[in-house]
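**Student:** Okay, here's what each chain looks like letter by letter:
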Amino acid sequence: AQSVTQPDIHITVSEGASLELRCNYSYGATPYLFWYVQSPGQGLQLLLKYFSGDTLVQGIKGFEAEFKRSQSSFNLRKPSVHWSDAAEYFCAAHSGSARQLTFGSGTQLTVLP
Amino acid sequence: DTAVSQTPKYLVTQMGNDKSIKCEQNLGHDTMYWYKQDSKKFLKIMFSYNNKELIINETVPNRFSPKSPDKAHLNLHINSLELGDSAVYFCASSQEGRGRSNQPQHFGDGTRLSIL
Chain B
1 AQSVTQPDIH
11 ITVSEGASLE
21 LRCNYSYGAT
31 PYLFWYVQSP
41 GQGLQLLLKY
51 FSGDTLVQGI
61 KGFEAEFKRS
71 QSSFNLRKPS
81 VHWSDAAEYF
91 CAAHSGSARQ
101 LTFGSGTQLT
111 VLP
Chain V
114 DTAVSQTPKY
124 LVTQMGNDKS
134 IKCEQNLGHD
144 TMYWYKQDSK
154 KFLKIMFSYN
164 NKELIINETV
174 PNRFSPKSPD
184 KAHLNLHINS
194 LELGDSAVYF
204 CASSQEGRGR
214 SNQPQHFGDG
224 TRLSIL
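Each protein sequence line maps, in turn, to chains B and V. If you're matching positions, the first sequence starts at 1 in my numbering and goes up one per residue. If you're matching positions, the second sequence starts at 114 in my numbering and goes up one per residue.
The set of hints was computed from the structure by calculation and includes no laboratory data. Mixed in with the good hints there might be a few duds.
As the list claims (entries may be wrong) - From the derived model, a few chain B residues whose C-beta atoms are all more than 10 Å from chain V:
1. E20
2. Q38
3. E66
4. R69
5. Q71
6. P79
7. S80
8. F103
9. Q108
Said to hold, decoys possible - To spell it out: a stretch of chain V is covered by chain B in this simulated footprint if at least three of its residues, at any positions, have a beta carbon under 8 Å from a beta carbon of chain B; those stretches are:
10. 172-184
11. 218-226
Every residue gets a Cβ at the ideal spot worked out from N, C-alpha and C, and that includes glycine.
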């Protein structure tokens, strides 16, 4: 069965520190991969996406993600976290023909001053 | 300017009532979705419509009935509301076309449904 796993339920970092949020997928073929962010009381905003080509993708708000086929991973990174980055982060995958997103369970990010 | 808009944003109602949530997108997309986010923030697809045709209908009680009057609208009607229906319901849209699609989905801000 297709699945997306985010192993970390909650991560706490200090403002200015670097960040890496983990995401692993289990699909028959490489799916299309996405990272979304959900601020409290808000909807989901697309941060970045990977379809093919360069395995390091740049997104909005200074985020980037690296696709590693050998590890079935698509981890999200940011070199220096800002207090406004505190939110829930969701990794999602789409097989292209299924027309539906499968979401990971989310990682709650807390940023300490 | 809102791309995907849902109304109402908050809905508080009693068990047993019938309620509707409306969704509209102005992106010109051909596919719309309803997702349910539970209290643990887990997001799960409920329904998907492509050009007003139902294409995804996950295991959802038949008290939930989606209706798509046109490509830009997808409403969700819920009969006989139960306590377990309390959740945040998200509408989304994307341009899928035919065959494989790599287009991202755009989400509304959600409707927070609370059943008393």
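**Student:** Please list, smallest to largest, the hint numbers that this structure does not respect.
**Tutor:** Numbers 2, 8, 9, 10 - these are the hints that the structure violates, sorted from lowest upward.
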